[in-house]
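Trainee: Residues per chain, in single letters:
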Amino acid sequence: MINFSILLPSILNGLTTGALYALVALGLTLIYGVLHIINFAHGALLMVAMYLVYFLYKLFGLDPYLALLVVPAAMFVIGYVLQRTIIGNASHGRDENILLVTLGLSIVIENLALFFFASDTQVVDTPYAFDVVELFGAFLPVPKVIAFVGALLTALALWLLMGWTDLGRAIRALARERKGARLVGINVDHIFAMSFGIGIGVLGIAACLLLPTYYVYPQVGHGFVLIAFTIVVLGGMGSFIGALLGGFIIGVVEAVGGLVLGESLGQIGIFVIFILVLLFRPQGLLGHRA
Amino acid sequence: MVVTKPKGRKGEEMTDKKHMRGMKQGLDRRTFLAATGGVAAMSAFGMPHIARAADPVKVGLVHPVTGFIAYSGNQCRQGALMAIEDINNAGGIKSIGGAPLEALLGDSQGKPDIGAAETAKMVEAGATGIVAGYASSITLATTQEAAKTNTPHVVDVGVSDKIVSRGLKNTFRLGPGYGKIANYAVDNLDAINRAADSPAKTVMIIHEESAFGTGTAGLLEKRLPDRGFEVIEVIKHANPTRDFTNIALQIKAAKPDLIIPAQYYNEYVLLARTLRQQRVEAAGIYSVLGGAASSFKFVEEFPEAANYIMDCNHWYNPLSKEALRRKKAAEDKGLYYTYEVYLAYNAVAFLADAIERAGSLDKQAINDAMASSDWDAHAMPYGPTAMIDGQNEGGQPVNTQVLDGKIEVILPDEFATAKPVFPTPKG
Numbered sequence: 002m003i004n005f006s007i008l009l010p011s012i013l014n015g016l017t018t019g020a021l022y023a024l025v026a027l028g029l030t031l032i033y034g035v036l037h038i039i040n041f042a043h044g045a046l047l048m049v050a051m052y053l054v055y056f057l058y059k060l061f062g063l064d065p066y067l068a069l070l071v072v073p074a075a076m077f078v079i080g081y082v083l084q085r086t087i088i089g090n091a092s093h094g095r096d097e098n099i100l101l102v103t104l105g106l107s108i109v110i111e112n113l114a115l116f117f118f119a120s121d122t123q124v125v126d127t128p129y130a131f132d133v134v135e136l137f138g139a140f141l142p143v144p145k146v147i148a149f150v151g152a153l154l155t156a157l158a159l160w161l162l163m164g165w166t167d168l169g170r171a172i173r174a175l176a177r178e179r180k181g182a183r184l185v186g187i188n189v190d191h192i193f194a195m196s197f198g199i200g201i202g203v204l205g206i207a208a209c210l211l212l213p214t215y216y217v218y219p220q221v222g223h224g225f226v227l228i229a230f231t232i233v234v235l236g237g238m239g240s241f242i243g244a245l246l247g248g249f250i251i252g253v254v255e256a257v258g259g260l261v262l263g264e265s266l267g268q269i270g271i272f273v274i275f276i277l278v279l280l281f282r283p284q285g286l287l288g289h290r291a
Numbered sequence: 077m078v079v080t081k082p083k084g085r086k087g088e089e090m091t092d093k094k095h096m097r098g099m100k101q102g103l104d105r106r107t108f109l110a111a112t113g114g115v116a117a118m119s120a121f122g123m124p125h126i127a128r129a130a131d132p133v134k135v136g137l138v139h140p141v142t143g144f145i146a147y148s149g150n151q152c153r154q155g156a157l158m159a160i161e162d163i164n165n166a167g168g169i170k171s172i173g174g175a176p177l178e179a180l181l182g183d184s185q186g187k188p189d190i191g192a193a194e195t196a197k198m199v200e201a202g203a204t205g206i207v208a209g210y211a212s213s214i215t216l217a218t219t220q221e222a223a224k225t226n227t228p229h230v231v232d233v234g235v236s237d238k239i240v241s242r243g244l245k246n247t248f249r250l251g252p253g254y255g256k257i258a259n260y261a262v263d264n265l266d267a268i269n270r271a272a273d274s275p276a277k278t279v280m281i282i283h284e285e286s287a288f289g290t291g292t293a294g295l296l297e298k299r300l301p302d303r304g305f306e307v308i309e310v311i312k313h314a315n316p317t318r319d320f321t322n323i324a325l326q327i328k329a330a331k332p333d334l335i336i337p338a339q340y341y342n343e344y345v346l347l348a349r350t351l352r353q354q355r356v357e358a359a360g361i362y363s364v365l366g367g368a369a370s371s372f373k374f375v376e377e378f379p380e381a382a383n384y385i386m387d388c389n390h391w392y393n394p395l396s397k398e399a400l401r402r403k404k405a406a407e408d409k410g411l412y413y414t415y416e417v418y419l420a421y422n423a424v425a426f427l428a429d430a431i432e433r434a435g436s437l438d439k440q441a442i443n444d445a446m447a448s449s450d451w452d453a454h455a456m457p458y459g460p461t462a463m464i465d466g467q468n469e470g471g472q473p474v475n476t477q478v479l480d481g482k483i484e485v486i487l488p489d490e491f492a493t494a495k496p497v498f499p500t501p502k503g
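Sequence lines, in order, name chains G and B. For the first sequence, the working numbering gives the first residue as 2, with consecutive numbering after it. For the second sequence, the working numbering gives the first residue as 77, with consecutive numbering after it.
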């Protein structure tokens, strides 16, 4: 049974939640969609980024939004080094190896987190955590509105980067034709690692925008990684605007599905859409046919 | 033979990839496997059994120390280990020549099937008794597995009444089940409400979807109307639920006088925060089995959001010196003294008392000793221990409330440290 008075607030809330999902998916669409690296460590690395934000807050009192100056850069370096030293070397260029290597990485990272940080749920208590913006009678938490804007800006920045810079052209060239890219003088290993680094760096942004409304514990990534893969496929592999759109759709479907089918069953909607897209538009909403 | 832990033997292939864990002391599973493997190897080579009487008594601890309820699982494990430490410091099991207790640690990852597999492994490794498994769904599996070999199994938390109603002769629970807790919760809610001239008439129940939340919610839904409360809506949610705005909106639209959550900690944190964000106001929030008024961590982190919240839950006896000693010992280890800690502590201590009285490692003798136990060293607000079909009829919950940043017991009167404040004062 739908209560119409809360339908609009619910949809607006779904959009802001969707923006958070999109942020996690944006990095993945670059790594998975463009480079075809099935990065199972995406969730674990999100968790690492969230702990970075948490500890910067806890130890130095750094606000999660100020951490935007530090964490994405740190995550970029982590991503670059991981790709250059472990993923690239251990995979020997084979997709199924990459899958196993990133899965292994995620297990190692999560268990290290469990060992060092214990399994306690940690939260960041900011003065603005309970501030809300009123829009059409709906209360939207300020941190979620900021995350919404952040997701739009991040998608725009990635889109500009891919379309209008040499690095972006090199990444696209690499995605399409690796040998050819090498022939025209592109440093393939470097560009691979740059792309992976940028994808993980975006997770840093996601973590900074997520933590004011969420919590962190070693397995926190699990709840997001499946959704992120769904969004990437839904939006079209490698399409940043698609990922953004996919995030919004998933967020709204989850919210409205919760109202119609009950909170426990509402998440089914996400996967129904996923299956329908795979059946009828396998290239995704904004993807190109291979 | 005094068991030392032989180093250097690689752990066998495990069903579980997550073999490291966030604990500060005790054994991890690798050490456990190395130790048990080493012991098996030594026996095979015919090592002489010197000082047989002081062989450690192995107790299997199976808890979800990784996965979605890892926090609670770890708290359980720490509580159980504290009990073992205390018992060993006090001279071990005296009737068996002062044999110390030795913990075998297992991780159920929050999954019943893995909990059962871990239990089987421990029985195989020679565990005299099992203490498990925090969540009801997991405990149903671990008790059943232990029953196959009649291995004594003490339930630490697991509140589902199905755990003790299947006729398993090896299964014992000191704490109350959710049937008793739900009855108690409804009776006391009614009493608190009447004392305030019945401002609350309508109720909304928010619960998680596994055995604990669903079972508790079902009982409440059935019992509340008997006391004149109208249950407007019951909302079930998944674990994890990433966003509670929808639920908060539904509560806001339905305007219940009382909100009754039955959830695990992470979801509770999000719900409580979202209720504040969405400006949801009610005469009271009354959690059953888990909530702000039974979480020192929540009260510390969100003192304002926690104020006046009431719980009906397990709690230690605040007037018992022994309870306060254990609380301090836990806090000295950097732990919050949560219900997981003292319930698991008591589960181990209760088992140890039975082994002491049985005077042997014979499983049936220990089960008999538990069935006839009148153990009273629990430091809980319980009556005398009396096991009926494995359930301690003396166990009961209490009502707590957050008042001025402190968790106070408000009911029953003989254990109370404060009077209830209801309805929630405005402003």
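These are computed hints drawn from the structure, not numbers from a lab. Don't be surprised by glycine CBs; every beta carbon is placed ideally from N, CA and C. Hints may contain errors.
[To be verified] Only pairs whose alpha carbons sit at most 27 Å apart, straight line, appear in this in silico DSS-like list of lysine-lysine:
#, chain 1, residue 1, chain 2, residue 2
1, B, K409, B, K439
2, B, K328, B, K238
3, B, K404, B, K482
4, B, K404, B, K439
5, B, K170, B, K439
6, B, K373, G, K59
7, B, K277, B, K224
8, G, K59, B, K482
9, B, K331, B, K403
10, B, K277, G, K59
11, B, K312, B, K187
12, B, K502, G, K59
13, B, K439, B, K277
14, B, K495, B, K277
15, G, K59, B, K403
[Stated by the list, open to error] Rough simulated footprint, nothing fancy, chain B against chain G, three-plus residues with beta-carbon under 8 Å:
#, region
16, 8 to 20
17, 116 to 123
18, 251 to 261
Trainee: Against the structure, test the hints numbered earlier, and report the numbers of the ones violated in rising order.
Mentor: 1, 2, 4, 7, 9, 10, 12, 13
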